[in-house]
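Protein chains: 2
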Amino acid sequence: MWCQSCKEEYEEEDAGTCKECYEEASETEEELKREIDDLRSRLLFLRLPSPTLDSACIAHSDLLLHAIPASSSSPSSAGAGDSDAARPDTPAVPAHRVILASRSPVFRAMLENEMEESRSGIIKIYDVSYDVLRSFVHYMYTGEALLDEQMASDLLVLAEKYEVKHLKAYCEKFITSKVNNDNAIAHYAFAHRHSAKQLLEASLSVLMDNMSTLADREEYKELVEKDPRLVVEIYEAYLNRQVNTAAGKDTDCSCRK
Amino acid sequence: MWCQSCKEEYEEEDAGTCKECYEEASETEEELKREIDDLRSRLLFLRLPSPTLDSACIAHSDLLLHAIPASSSSPSSAGAGDSDAARPDTPAVPAHRVILASRSPVFRAMLENEMEESRSGIIKIYDVSYDVLRSFVHYMYTGEALLDEQMASDLLVLAEKYEVKHLKAYCEKFITSKVNNDNAIAHYAFAHRHSAKQLLEASLSVLMDNMSTLADREEYKELVEKDPRLVVEIYEAYLNRQVNTAAGKDTDCSCRK
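Sequence lines, in order, name chains A and B.
Throughout the first sequence, residue numbering follows the numbering used here, covering 1 to 257 in sequence.
Throughout the second sequence, residue numbering follows the numbering used here, covering 1 to 257 in sequence.
There's no promise every hint is true.
[Said to hold, decoys possible] Chain B side only, calculated, beta carbon under 8 Å to chain A, not exhaustive:
#1 Cys3
#2 Leu48
#3 Thr52
#4 Arg97
#5 Ala109
#6 Met115
#7 Glu116
#8 Ser120
#9 Glu163
Source of the hints: derived by calculation from the structure; they are not laboratory data.
All C-beta atoms in this analysis are idealised placements derived from N, C-alpha and C, irrespective of residue type, glycine included.
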């Protein structure tokens with residue numbers, strides 16, 4: 001027989017679909033591609049020019065956001081934090097009430113309830129560097145962010161604080177794709193702190209695959225010191241998996257009997 | 001052989017794909033569906049609450065749009081136009097500078113160049129009913145509109161005037177899907193007036209398929225009266241098609257010789 005798709009000959013045991021199903025599948029693929037084109041064009045329409053890039057957009061802005069870096073920055077972000085703290089002239093990030101209020105229920109409440117921020121049009125965003133705030137605002141307009149692991153973690157924290165679910169999921173997905181044995185403990189603890197379920201499961205899975213070396217790691221010892229309950233949860237999950245695997249094997253055996 | 005997709009048996013002449021291509025196609029379909037989910041979720045994030053529906057959104061608005069219906073409305077929209085004209089208390093439609101300026105280069109220029117509209121925050125939209133203006137503003141925030149043929153035509157005109165390309169294409173696609181022998185002359189003339197190429201081709205094609213009854217139609221006589229050049233173009237296109245079809249036949253014959 002001849003394959004209608006790759007045009008090569010194949011044997012009976014390598015048969016895929018009949019002609020009718022092949023044609024249906026081709027049509028479905030075309031339809032899906034048309035839908036993707038349509039969605040992309042709607043996205044381009046709905047995407048707004050970011051006030052972090054577009055000066056014309058700034059002209060209509062009615063808010064100024066100020067990044068106030070944490071005085072006690074975490075070791076990983078100490079550099080950025082300190083340099084911001086040392087620059088009291090860090091520029092404010094312009095934005096629009098209608099955009100922030102529509103993307104975040106926290107901003108919405110703040111701007112609707114005649115709070116100080118609403119009256120002055122100035123919002124202080126604490127514990128965040130200027131660069132992270134800029135990326136955060138950029139995302140509110142475009143639904144896009146340029147991520148590395150540090151930026152994704154910082155944005156996830158901010159997204160959680162201001163309840164921007166889409167950004168939190170976007171960052172979590174990115175971090176999850178970067179989980180490996182070297183960073184699994186740190187990501188596991190981070191996921192716990194910020195209720196990031198997908199990241200929690202991914203890092204826990206990597207930890208369980210490498211249980212024999214877990215206790216040797218420096219981060220493990222730190223975690224036992226700081227938050228021993230999280231360590232207990234790793235052992236509980238591991239034991240649970242062992243029990244389930246054993247039960248699975250028993251079922252297999254009884255089937256074979 | 002057995003089809004992997006519908007699980008039914010088929011003969012050799014009904015073979016579709018080989019197994020490898022079937023598996024590849026299934027993977028592609030899954031990938032496309034994941035991409036669609038991802039795009040839909042980004043769309044939901046970027047879609048803004050419409051100020052025509054969401055009262056909280058109105059709170060931050062910095063523009064008011066007033067519909068000024070045409071005094072000499074076209075017959076098809078006379079009803080709506082008259083009723084609007086008779087109601088001087090037609091409410092204004094609230095909006096935001098940042099949104100209108102980002103969707104339309106015309107609004108952008110108007111609002112950036114310190115024109116009267118920019119100073120007062122009041123924009124008069126001429127030759128349009130309140131309902132059409134409301135749908136127009138709704139689309140600027142959501143990328144969505146509830147269309148019938150009249151609304152699609154009215155919105156297309158407004159989209160052309162304010163250079164909102166995405167809305168113009170959206171309306172044109174809708175109207176094109178409604179072209180039939182009864183409305184082809186009207187749509188053909190409309191497409192000409194508003195440089196709607198896709199609609200022009202679709203209506204011209206329907207007209208050429210029904211040339212024998214064309215000259216009997218009332219709309220045809222009106223068009224000859226109002227804009228005879230457009231009628232000439234129909235005949236030219238028809239003749240051109242006939243010549244091409246004949247040339248195609250000749251080529252077929254010479255091939256067979």
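Verification of the hints:
1. At its closest, the beta carbon of cysteine 3 of chain B sits 4 Å from a beta carbon of chain A; the interface hint therefore holds under the 8 Å criterion.
2. The interface hint given for leucine 48 of chain B is met, as the beta carbon of that residue sits about 5 Å from the closest beta carbon of chain A, less than 8 Å.
3. Proximity of threonine 52 of chain B to chain A is violated relative to the hint, the smallest CB-CB distance being about 14 Å (cut-off 8 Å).
4. For arginine 97 of chain B, the interface hint holds, the least distance from its beta-carbon to any beta-carbon of chain A being 4 Å, beneath 8 Å.
5. For alanine 109 of chain B, the interface hint is violated, since its Cβ never comes within 8 Å of a Cβ in chain A; the closest pair sits about 10 Å apart.
6. For methionine 115 of chain B, the suggested interface contact is broken, since its CB lies about 13 Å from the closest CB of chain A, more than 8 Å.
7. About 17 Å separates the beta-carbon of glutamate 116 of chain B from the nearest beta-carbon of chain A, more than 8 Å, and the hint is not met.
8. Using the Cβ-Cβ criterion of 8 Å, the hint placing serine 120 of chain B at the interface with chain A is not satisfied: the shortest such distance is roughly 15 Å.
9. The beta carbon of glutamate 163 of chain B is not positioned within 8 Å of any beta carbon in chain A (closest approach about 13 Å), and the interface hint is therefore violated.
In terms of the numbered hints stated before, the structure departs from hints 3, 5, 6, 7, 8 and 9, listed from lowest to highest.
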